[in-house]
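**Student:** Sequence:
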Amino acid sequence: MKLSKFEQLAGVLLCDIAEKVGATESVNPALVREAILTGNTWAIEWEYGGLFPERRDDRVVSEVTDILDMWSFIEEASEHKFPGFDTNRESEHASVARFMVEKLKRFDRFDGRTGNGVLNLDWFRRMLPLFNEVRGDLANRQPIQLSKDEVEALIAERTHPDRR
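Counting in the numbering used here, the sequence shown runs from 1 upward without gaps.
Warning: the hint list may mix true and false statements.
Once the Cα atoms are required to be at most 25 Å apart in a straight line, the calculated BS3-like pairs of lysine-lysine come out as [as the list claims (entries may be wrong)]:
no., residue 1, residue 2
1, K2, K103
2, K105, K2
3, K5, K20
4, K103, K20
5, K103, K81
6, K5, K81
7, K148, K81
8, K105, K81
Read the hints as simulated data drawn from the structure, not as lab findings.
All of these numbers come straight from a predicted model, not from anything done at the bench.
Can you build the whole structure from these sequences, using the hints too?
**Tutor:** Spelled out as structure tokens, the structure:
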């Protein structure tokens, strides 16, 4: 969701008014205000998708969702932990992940671990195609989790192919 400067200002003012008059039943003004002020307006569509029939996720939100989903499966099947996104050089991904985890309470297992000082996005992007190959089959497994070999193959993607 892209908002003009005026729409951002109007949105924040409407949040103030809604809180003042106690109109908080259908929309959480604090969440909307924080989404606007932190540039995470995509979260408004996620939280209130029914209000936006043509809801579309942007590339970064979709990618972060895929990465957090993948790491959920990795953590369920192993001792490996999600290392987060570099908050300086992968800041958009880190911001989306933090908002998703802390404010929307999605992927809450990663609370406090969405950001760090190490570049990981290229690694995650190398992992995703491998994960997607087995993702569809996971629902047919008991338990629904990655095998040890699948986890190790994903983690091995940390080493760039040119350095193997």
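**Student:** Taking the hints in turn, state whether each one holds.
**Tutor:** Verification of the hints:
Only pairs whose Cα atoms come within 25 Å are accepted, and K2 paired with K103 is accepted, the gap being roughly 19 Å. For the proposed pair K105 and K2, the alpha carbon gap of about 23 Å is at most 25 Å, so the pair holds. Restraint check for K5 and K20: the C-alpha separation of about 23 Å stays at or below 25 Å, so the hint holds. As the CA atoms of K103 and K20 are separated by approximately 21 Å, the hinted pair is consistent with the 25 Å bound.
For the hint pairing K103 with K81, the CA-to-CA distance comes to about 21 Å; that is within 25 Å, so the pair holds. Of the supplied pair hints, the one linking K5 and K81 is violated, its CA atoms being roughly 39 Å apart against a limit of 25 Å. A C-alpha spacing of about 14 Å is found between K148 and K81, which places the hinted pair at or below 25 Å, so the restraint holds. About 19 Å separates the Cα atoms of K105 and K81, which keeps this hinted pair within 25 Å; it holds.
Checked against the numbered hints given earlier, the structure breaks only hint 6 and satisfies all the rest.
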